[in-house]
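Residues per chain, in single letters:
4 protein chains.
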Amino acid sequence: MPIDLTYSSEVTALVDRTRDFVRATVLPIEDRHHGDIAAAGGDGVRKDLQQAAKEAGVFAPHAPLEYGGLGLGMSDRAPVFEEAGYSLFGPAALNIAAPDEGNLHLLAHVASPEQRHEFLAPLAAGDVRSAFAMTEPAPGAGSDPAALTTRAERHGGGWRINGRKWFITGADGAAFMIVMARTSGQPGQRGGATMFLVPAGTAGLRVGRHIGTLDKSMLGGHCEVDFEDVDVPDSAVLGEVDRGFEYAQVRLGPARMTHVMRWLGAARRAHDVAVEHVARREGFGGRIGDLGMVQKMVADNEIDIAATRALLVRACWELDAGEAAGDSTSIAKTFAAEAIFRIVDRSVQMCGGLGVSEDLPLARLSREVRPFRIYDGPSEVHRWAIAKRRIGAAKRALRESAR
Amino acid sequence: MPIDLTYSSEVTALVDRTRDFVRATVLPIEDRHHGDIAAAGGDGVRKDLQQAAKEAGVFAPHAPLEYGGLGLGMSDRAPVFEEAGYSLFGPAALNIAAPDEGNLHLLAHVASPEQRHEFLAPLAAGDVRSAFAMTEPAPGAGSDPAALTTRAERHGGGWRINGRKWFITGADGAAFMIVMARTSGQPGQRGGATMFLVPAGTAGLRVGRHIGTLDKSMLGGHCEVDFEDVDVPDSAVLGEVDRGFEYAQVRLGPARMTHVMRWLGAARRAHDVAVEHVARREGFGGRIGDLGMVQKMVADNEIDIAATRALLVRACWELDAGEAAGDSTSIAKTFAAEAIFRIVDRSVQMCGGLGVSEDLPLARLSREVRPFRIYDGPSEVHRWAIAKRRIGAAKRALRESAR
Amino acid sequence: MPIDLTYSSEVTALVDRTRDFVRATVLPIEDRHHGDIAAAGGDGVRKDLQQAAKEAGVFAPHAPLEYGGLGLGMSDRAPVFEEAGYSLFGPAALNIAAPDEGNLHLLAHVASPEQRHEFLAPLAAGDVRSAFAMTEPAPGAGSDPAALTTRAERHGGGWRINGRKWFITGADGAAFMIVMARTSGQPGQRGGATMFLVPAGTAGLRVGRHIGTLDKSMLGGHCEVDFEDVDVPDSAVLGEVDRGFEYAQVRLGPARMTHVMRWLGAARRAHDVAVEHVARREGFGGRIGDLGMVQKMVADNEIDIAATRALLVRACWELDAGEAAGDSTSIAKTFAAEAIFRIVDRSVQMCGGLGVSEDLPLARLSREVRPFRIYDGPSEVHRWAIAKRRIGAAKRALRESAR
Amino acid sequence: MPIDLTYSSEVTALVDRTRDFVRATVLPIEDRHHGDIAAAGGDGVRKDLQQAAKEAGVFAPHAPLEYGGLGLGMSDRAPVFEEAGYSLFGPAALNIAAPDEGNLHLLAHVASPEQRHEFLAPLAAGDVRSAFAMTEPAPGAGSDPAALTTRAERHGGGWRINGRKWFITGADGAAFMIVMARTSGQPGQRGGATMFLVPAGTAGLRVGRHIGTLDKSMLGGHCEVDFEDVDVPDSAVLGEVDRGFEYAQVRLGPARMTHVMRWLGAARRAHDVAVEHVARREGFGGRIGDLGMVQKMVADNEIDIAATRALLVRACWELDAGEAAGDSTSIAKTFAAEAIFRIVDRSVQMCGGLGVSEDLPLARLSREVRPFRIYDGPSEVHRWAIAKRRIGAAKRALRESAR
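Chains as they are written, first to last, in the UniProt record's numbering: chain A, 1 to 403; chain B, 1 to 403; chain C, 1 to 403; chain D, 1 to 403.
Mixed in with the good hints, there may be bad ones.
What the hints assert, rightly or not - Once the Cα atoms are required to be at most 25 Å apart in a straight line, the calculated BS3-like pairs of lysine-lysine come out as:
{"hint": "1", "chain 1": "A", "residue 1": "LYS216", "chain 2": "C", "residue 2": "LYS216"}
{"hint": "2", "chain 1": "B", "residue 1": "LYS216", "chain 2": "D", "residue 2": "LYS216"}
{"hint": "3", "chain 1": "C", "residue 1": "LYS388", "chain 2": "B", "residue 2": "LYS388"}
{"hint": "4", "chain 1": "B", "residue 1": "LYS216", "chain 2": "B", "residue 2": "LYS47"}
{"hint": "5", "chain 1": "D", "residue 1": "LYS388", "chain 2": "A", "residue 2": "LYS388"}
{"hint": "6", "chain 1": "C", "residue 1": "LYS47", "chain 2": "C", "residue 2": "LYS216"}
{"hint": "7", "chain 1": "A", "residue 1": "LYS216", "chain 2": "A", "residue 2": "LYS395"}
To be verified - Distance windows between CB atoms, simulated:
{"hint": "8", "chain 1": "D", "residue 1": "GLY204", "chain 2": "C", "residue 2": "ASP4", "range": "47 to 53 Å"}
{"hint": "9", "chain 1": "C", "residue 1": "ARG209", "chain 2": "B", "residue 2": "LEU398", "range": "23 to 29 Å"}
{"hint": "10", "chain 1": "D", "residue 1": "PRO199", "chain 2": "C", "residue 2": "ASP4", "range": "40 to 46 Å"}
{"hint": "11", "chain 1": "B", "residue 1": "GLY201", "chain 2": "C", "residue 2": "GLU338", "range": "53 to 59 Å"}
{"hint": "12", "chain 1": "B", "residue 1": "ALA321", "chain 2": "A", "residue 2": "GLY204", "range": "58 to 64 Å"}
Unchecked claim - Taking beta-carbon pairs under 7 Å as the criterion, some of the chain C residues facing chain A (in silico):
{"hint": "13", "residue": "PHE245"}
{"hint": "14", "residue": "ALA248"}
{"hint": "15", "residue": "VAL356"}
{"hint": "16", "residue": "SER357"}
Note that these hints are calculated values from the structure, not bench results. Everything numeric in this text was worked out from a predicted model, so none of it was measured. Cβ atoms here follow ideal geometry from the backbone N, Cα and C, with glycine treated the same way.
Generate the whole structure from the sequences, applying the supplied hints.
As structure tokens, this is what we get:
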């Protein structure tokens with residue numbers, strides 16, 4: 001049987017439960033606090049919502065069954081995460097928010113049994129949050145991971161980590177961090193990174209200020225984190241020494257896609273709000289929704305939603321099939337980040353003054369989705385990677401044919 | 001098993017055969033004649049190429065098995081038709097060019113056994129070509145089918161057709177036409193159309209001038225066709241009287257998608273030519289393909305190709321599942337027509353002066369793909385339909401909730 | 001002598017003084033308070049900055065000479081206001097912020113000597129602020145002014161005003177408002193509006209909540225304002241009864257253009273910040289500013305800045321020449337609002353994570369400029385007006401030629 | 001007096017005469033021959049039209065008075081050339097077509113009295129045509145002039161030229177060419193070029209095939225030209241030896257702008273045709289021109305026309321003021337080439353099937369304007385130059401401040 005886009009009845013039912021739960025239980029809280037999760041109560045509201053999600057049977061759809069999750073693959077996550085993302089607080093409620101969700105995915109693939117017990121289990125249960133400490137301030141690792149400057153060196157029977165991280169999402173309040181540090185090679189070289197599991201409270205680890213950003217919906221903020229002579233034992237090494245960049249890829253592709261799923265949900269909410277507005281509101285002698293320029297915006301949103309979802313389906317299927325999916329996830333992420341931005345922007349425009357006000361959720365959604373064109377790789381870096389692969393293949397073909 | 005995007009090994013093999021056949025046998029002829037199929041020999045070259053396609057085992061992949069075809073559904077047609085479309089002459093070679101391909105699809109669904117024998121069989125075999133006579137000059141049926149003015153009235157024991165058609169693709173040389181005529185109601189009303197099978201040579205049927213257009217690759221041109229007291233028997237009615245608009249929908253959705261498949265192939269060729277150019281050519285101190293602005297164009301092409309294909313997969317799957325797929329085919333067609341145009345336009349741009357010259361196929365491809373944003377429904381009409389459905393649903397929901 | 005784009009040496013000198021003043025004195029305060037003028041001290045900081053502007057010889061460049069201003073026409077205002085807009089607080093410092101600047105322009109054209117003395121003089125001096133109470137919540141006057149519902153009726157020897165306004169910029173703290181009320185005709189009719197000068201504190205006038213919006217740089221917020229049996233004398237009528245829509249046009253064209261001038265300055269600051277960033281920052285083996293995709297964004301910003309300025313020059317010249325300039329101001333406003341948004345958005349993108357953070361002014365500038373595509377007429381309404389005029393002229397020409 | 005955008009009454013009158021002449025005399029011939037100037041009679045039709053232009057008092061508006069022209073500066077040329085460009089044959093009729101117009105400009109600035117007599121005079125009179133032989137096939141001078149490979153070396157008492165040119169507009173039938181050849185330095189170096197005046201018929205000069213391109217309106221085609229031991233005397237040197245790149249700049253800026261003027265006229269014609277179509281044609285229950293999506297296209301065209309014109313005014317004023325105007329001409333050219341393309345493309349779209357047919361001039365206009373995004377410097381090269389200047393200035397400022 002070729003090509004099948006049907007979801008199983010279990011997944012469809014989960015999607016429905018998630019939709020109902022998010023709209024009935026999560027959205028009202030988001031709206032009451034204008035999408036500011038710190039203002040809404042931070043980890044307190046997260047725990048309450050997670051309890052409710054457990055009761056609603058929608059908690060941790062991505063986590064392995066043995067850790068209390070629903071064990072969904074990437075393809076099946078897509079429609080569920082999209083429904084969760086319909087509210088900015090939905091991902092936290094389901095325990096599928098970044099960076100926890102990506103960390104759990106990584107741990108499930110790379111961690112030792114002891115590490116799973118110590119770190120994965122409480123993370124899957126929602127007992128703790130985590131962070132992924134990779135990005136560094138210039139001239140360190142940013143869009144170009146090879147620039148990694150944080151170092152881990154042999155010391156005592158373990159490792160000593162020194163360096164400065166930046167824009168570490170969720171660091172404030174995280175029970176542990178997965179830290180990327182250079183164990184060999186020089187900044188600028190694509191090799192020699194290792195991942196370490198570092199519990200909060202380890203001596204020398206300091207979570208600094210929250211960097212204020214356009215988005216306000218991430219628990220624990222985007223923080224500066226300093227490592228000053230942070231000593232960890234060998235058992236803190238995640239996977240093997242010097243394979244950190246490789247593991248980062250394990251995390252990266254799926255994490256890109258789950259970002260897309262969640263933000264697509266947010267974009268759909270914006271679109272729904274705008275469509276209801278133009279279907280209701282009168283002006284220029286009729287419903288606003290009967291005006292051609294408004295119809296164009298509605299149709300363009302529908303097209304962008306459909307294309308984002310279709311690219312997501314493709315990339316997730318490749319990931320589930322065990323492919324690296326570098327191209328398809330880069331393409332889906334780049335298209336999606338720009339499409340989602342356009343969808344929300346058009347939704348704002350359709351609602352006029354209301355659209356830029358806090359009386360509707362659109363203004364905050366426009367703030368929230370903007371960074372996604374930068375986070376997880378700016379569109380320019382993804383385009384460069386896509387083009388490099390394609391043109392590189394053409395160069396090789398030319399060399400072959402020239403022989 | 002959720003979500004599967006794998007093609008069967010039979011389809012994969014057919015795709016490979018089609019790719020090889022088109023590049024080895026069809027492309028050289030297209031290039032020699034700069035894509036002008038009339039200049040290349042018209043039906044003569046078509047018959048030669050179809051013979052070669054039969055020998056290569058790639059002929060009529062869409063036709064029912066009992067008529068010598070390969071019986072592919074919509075999902076499986078997509079990658080095969082895309083490879084055929086890689087050359088502007090490829091669809092004619094495989095007997096899957098518009099309008100024959102859509103007519104065959106329609107006949108397979110609606111025609112009586114006698115009509116199948118008389119019309120479908122020779123069409124499937126490539127013995128004859130056909131036309132679909134629907135569009136009329138203003139103020140008749142164009143983007144708005146309801147404006148249909150051509151009339152068929154009871155006369156003798158059959159029907160007498162009067163009216164003028166316009167932009168009838170392939171009319172010159174067609175062995176028969178499927179003619180849409182009003183059998184009840186008034187122009188402006190969405191009802192009362194009937195389809196008739198009218199053989200060439202029927203008294204009163206006159207194929208007039210070819211309307212010169214940007215595209216030159218359609219056999220039989222885009223013609224004016226006059227019906228002056230054209231008498232046909234009752235057996236000429238395709239399906240039932242007054243159900244013409246309904247049957248048009250049967251033809252429309254799939255025909256939109258096969259257009260997309262074919263033009264996507266053409267866009268991919270443009271992209272391949274451009275990528276090879278920038279991978280080879282030096283300038284500004286290196287390969288052109290190493291310049292960031294060129295890489296951006298390459299990446300944008302890759303994104304547009306992937307998104308077009310992904311939307312196509314979705315719409316075809318819905319069609320194979322027996323859904324009307326009005327939204328998904330409108331979305332795929334609108335996105336694709338614009339994406340394909342952008343892909344070819346960027347490809348031209350990447351090749352500079354060569355890009356607008358006849359020394360590469362890009363200039364002609366840029367001419368050929370432009371009309372697709374208008375043919376088969378202008379983008380504006382599709383957007384209007386998409387928006388109307390969405391906003392209409394919102395209005396209904398508002399009314400429901402107001403009760 | 002045809003076509004001259006030279007500014008007089010007086011204007012050039014004023015532009016230079018304004019640039020120096022804004023960068024040395026105003027920008028540091030804006031940056032310290034992240035562009036939130038309320039947080040910076042509201043009217044307190046305004047008064048301090050205005051005092052400094054007076055000392056720097058850059059205060060009130062637009063106000064008539066007899067009221068202590070510099071008496072500049074629209075053409076000369078353009079480069080001065082642009083420099084003022086380089087800081088979000090610059091317009092308040094020079095007393096050329098909306099809505100005061102437009103109100104002053106209106107009063108200078110329409111007010112009686114007594115009204116000038118009572119309202120214009122203190123406004124020009126910066127002693128007071130004002131508001132323009134036109135927009136109403138749905139279904140009242142918004143993008144479509146004809147929907148005006150607030151009414152003024154004869155009562156006692158004067159007028160009694162009843163209605164609700166919405167999104168009234170600067171209302172909180174304004175010493176007076178210019179209120180648009182219907183004195184004849186029905187909502188939906190383009191006639192019968194009158195302007196009234198209503199001092200703060202008038203019985204029945206109530207300034208309600210600030211509507212939270214993406215922008216935070218407007219003194220006095222965007223407020224709800226209620227009029228409940230607000231009685232004013234005949235002398236409160238601005239100009240003549242029932243000519244309010246006409247006077248609104250007097251205010252509208254120039255006010256659109258001064259908005260563009262100010263926001264263009266803000267966009268230029270964003271661009272400057274981004275260009276400095278990419279000129280300084282290293283990445284991918286060189287300066288970021290040497291990457292082609294970054295260069296494309298820089299060039300596109302330069303093009304958008306130049307085109308906005310060129311359209312502004314045209315529209316201002318028409319306004320100074322006494323023309324209605326409906327087309328040229330609509331065109332300049334629509335292009336500018338979208339170009340300014342693009343400029344700031346690209347600037348954000350060029351700075352990556354920093355771009356969406358509060359460590360640079362770009363994130364807040366991206367919030368501040370977004371509403372301009374809606375305020376002062378959404379782009380869609382301007383496009384509709386532009387097209388209507390053009391197509392209307394074509395229809396008339398067709399009727400003429402048909403005679 | 002600051003900022004004046006008024007044209008003198010002489011210029012206004014000339015604009016009116018040109019408009020009338022082009023519409024009454026030139027357009028009908030263009031339309032009859034579908035814009036193919038070779039099919040219309042080539043130099044024969046050019047001479048007839050030029051005679052008519054002389055009689056209408058609109059001939060050679062740009063040529064110096066002493067050579068029978070009207071002596072207009074760049075600012076004044078803009079509206080006149082725009083009216084000429086309204087027909088694809090208008091520039092030839094007025095003797096202001098490329099490359100003659102740019103060559104005349106160059107000769108007027110650089111040629112010796114003898115050269116003026118021999119070359120400029122007959123060119124200004126329309127007695128002969130000319131070509132500018134600069135561009136070379138890869139890897140020679142194309143977008144990157146420094147790659148110049150054609151060489152001129154001392155030989156006998158003069159110079160011997162060897163090399164191959166490509167895409168030489170108007171070469172077939174030109175009485176002479178201005179040839180750019182390297183007299184010192186190596187390909188890749190920005191120095192050492194010299195310009196030579198080479199009459200047709202000089203031994204060793206061979207005009208080869210016409211390169212077929214999307215555009216068909218240029219007299220003499222785009223040709224390959226070979227120089228094989230072409231000997232010319234010292235008096236053939238235009239200006240001084242080794243200053244060719246410098247002189248190319250003299251020609252370049254103005255030539256870019258006159259291209260914009262002419263193509264803007266063509267775009268305006270497309271827009272006029274489309275607006276008349278939508279003002280006349282009925283569909284979807286009213287005039288097509290009353291549909292919002294169509295109005296959007298009309299408004300966007302108006303905006304693009306206005307912005308192109310405004311940027312042109314700026315650049316021409318700078319050129320008349322004797323400035324290099326590198327930025328303003330690059331900006332105006334880049335914006336204009338893309339805007340003109342969009343205008344024509346939207347015009348096609350507004351006319352549906354008719355738009356891509358030869359029954360309207362739009363299909364051919366869409367072919368004609370496409371290459372302008374590549375000719376005279378691809379948009380990417382202009383953007384690179386614009387960005388390089390801007391970022392270079394920022395780098396210098398950083399170095400200054402670092403001292």
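The hints, checked one at a time:
1. A:LYS216 <-> C:LYS216: 17 Å, holds
2. B:LYS216 <-> D:LYS216: 17 Å, holds
3. C:LYS388 <-> B:LYS388: 23 Å, holds
4. B:LYS216 <-> B:LYS47: 18 Å, holds
5. D:LYS388 <-> A:LYS388: 23 Å, holds
6. C:LYS47 <-> C:LYS216: 18 Å, holds
7. A:LYS216 <-> A:LYS395: 45 Å, violated
8. D:GLY204 <-> C:ASP4: 47 to 53 Å: 50 Å, holds
9. C:ARG209 <-> B:LEU398: 23 to 29 Å: Once the Cβ atoms are compared, 27 Å apart, the range 23 to 29 Å for LEU398 of chain B and ARG209 of chain C holds.
10. D:PRO199 <-> C:ASP4: 40 to 46 Å: 42 Å, holds
11. B:GLY201 <-> C:GLU338: 53 to 59 Å: 57 Å, holds
12. B:ALA321 <-> A:GLY204: 58 to 64 Å: Hint holds: Cβ distance 59 Å, inside 58 to 64 Å.
13. PHE245: 16 Å, violated
14. ALA248: For ALA248 of chain C, the interface hint is violated, since the closest Cβ of chain A sits about 17 Å away, which is over 7 Å.
15. VAL356: 4 Å, holds
16. SER357: 5 Å, holds
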